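Participant: Listed below, chain by chain, are the residues.
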Amino acid sequence: MRPSRVALVHIALVLLSVLFVLPFLWMLTTAVKPIGETLTSPPRWIPSQVLWSNFPDAVFYGSKELGYVPFLVYARNTVIITLLCVVGSVASNTIVAYSFARLRWPGRDLFFAATLATMMVPFPVLMVPIYGMFKEFGWIGSFKPLWVPAWFGSAFAIFLLRQFFRTIPNDLSEAARIDGASEFRVFADIVLPLARPAVTVIALFTFMGTWNDFLGPLIFLTDQNTFTLSLGLQAYQTQHGGTPWNLLMAASLLVILPIVVVFFFAQKTFVHGIATSGFK
Amino acid sequence: MNSRHEARIGILFALPWILGFVLLLAYPLVFSLVTSFTNFSVLREPKWIGLSNYQELMSDGVFLTALQNTLLYTIGAVPLGTVLAIALAMLLNAKVKGMAVYRTLLFLPTLVPMVAQATLFLWVFNGDYGLLNAALRGIGFSPPNWLGDPAWAKWTLILIAAWGCGQAMLIYLAGLQDVPANLYEAADLDGAKLWHKTRHITLPMISPVILFNVIMAIIGSIQVFAVPQVMFPGGAPARSTYMFAMYLYDNAFLYQRMGYASAMGWVMFLIILALTLAALRLSERHVHYETQ
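In order, the protein sequences belong to chains A and B.
The first sequence maps to residues 1 to 280 in the working numbering.
The second sequence maps to residues 1 to 292 in the working numbering.
Just so you know, these hints were derived from the structure itself, not from any lab.
This structure is a prediction, so every number in the text was calculated from the model and none was measured.
One or more hints might be untrue.
[Claimed, not checked] Keeping only pairs whose Cα atoms sit at most 25 Å apart, straight-line, the calculated SDA-like set for lysine to any residue is:
no. : chain 1 : residue 1 : chain 2 : residue 2
1   : A       : K144      : B       : K197
2   : B       : K197      : B       : V83
3   : A       : K135      : B       : Q177
4   : A       : K135      : B       : T104
5   : B       : K95       : A       : L231
6   : A       : K135      : B       : K193
7   : A       : K268      : B       : T104
8   : A       : K135      : B       : V83
9   : B       : K47       : A       : G132
10  : B       : K154      : B       : F225
11  : B       : K193      : B       : Q177
12  : B       : K154      : A       : L231
13  : B       : K197      : A       : G132
14  : A       : K135      : B       : L33
15  : B       : K154      : A       : K135
Please construct the entire structure, taking both the sequences and the accompanying hints into account.
Facilitator: The following block contains the structure:
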């Protein structure tokens, strides 16, 4: 590329990056401002003092009235549900995708086409019957409606993993079969380790999807003690008339933090996984 | 492995999804279709009322407003997000230093939970104290009251959607990296300009990826819920941000009109189906699939 064009690319990327990151910086400075400095016009970027104590204040917000720390309860609930979903999603989607990619059985291709078609089914059309079904089970108000479905697979994850499995050469699995390995061993010991990038993508998507889910918890959870962080953040805002913006931003940052940390550590594998699987 | 044994193991391995497909997709889908022809609510035994729910939808002003809002949102958000994601991916695909940093910064917004996005942008778009309007005033505009003006509130949601285009951006980037370099080399020999290379090589080569992303974006936009629900409870101002999924949710869980909500769910499904088929149909002449 010509040097002038390289410079142009850099300028464009820097401008766009700033544009994309600015809201975060705004969130960060608001989170450490004294409340009086949040409502100024023009807005001030640099607070007169950096109030790190806003973070513990946000965490303990409302705990006196309630007798416990809601933020920590929300965080614990979110962690439990997210872990169960990630484990369930990886366990179920990998083995199902393996079956679609590597094993022959009657009706497989037709069923796979039907599976792809289900990506068009919006959750709201399923919401009412699924709610009714879980109500019959006595699950409303518990975590079960939020994590049990993850153990039954999802069309998008199956599609992505299947595409990836198909790129892994067959020779290795054939050799293992000749040595007398069971099909499950071939899947777990040979194919799965090679699919690590795609499995990372699925794990990360499930993690983000569950950590961020709003509609699911809104429908299925009834008691404040079972709420997740997504619901909790909303409660912050509506419960108290004059929204304490600095505390709300501090709490929001704390909700985002685990995702950014997980992404940071998984990012190389993640990007590789996106680049080598599916979508084609 | 003989084929009967293989078939047995194949079905056994696929069993979780077979169950999930039947219990969490097929059964609810059929159930909601049947329910949509009844006046089912928690308070009374469901009674068959034929097409009444669908007829009522056609004359329900609130529903038509929500439908219109959702379609306008989709018409704004999908093209804007698509163009932005492709442009960003092309920039990220240029071979310059510091790509890992740019890639992370541009993907960062996608990691932010919907509810946190909503709270953050309530603050950024705030008419009096928000960051955006301060910047606009700084360069001499008299900015709109984004959150309080029905004409602008939808734009707020569209801009937020564009901000979170990182996932599509990554998928486009993967597609761009698959375009064979020798195509560009040949074009360079012919002295082709950047625009011509984009128009005649890049876009045709990634057209299947564009189709996939556009369809996923349409499906997502029609269902938009969390951000408007948190930012604009009840679709304020003047119902200008009241979305399809919000009205459906309100009918199902607030007004307990499960039959009516089911009919809405099916209308939503049919709209997505129609738009997806239209996208596939329109793309037929423009999408280029590499022959194996």
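Participant: For which of the previously enumerated hints does the structure constitute a violation, in increasing order of number?
Facilitator: 1, 3, 4, 5, 6, 8, 13, 15
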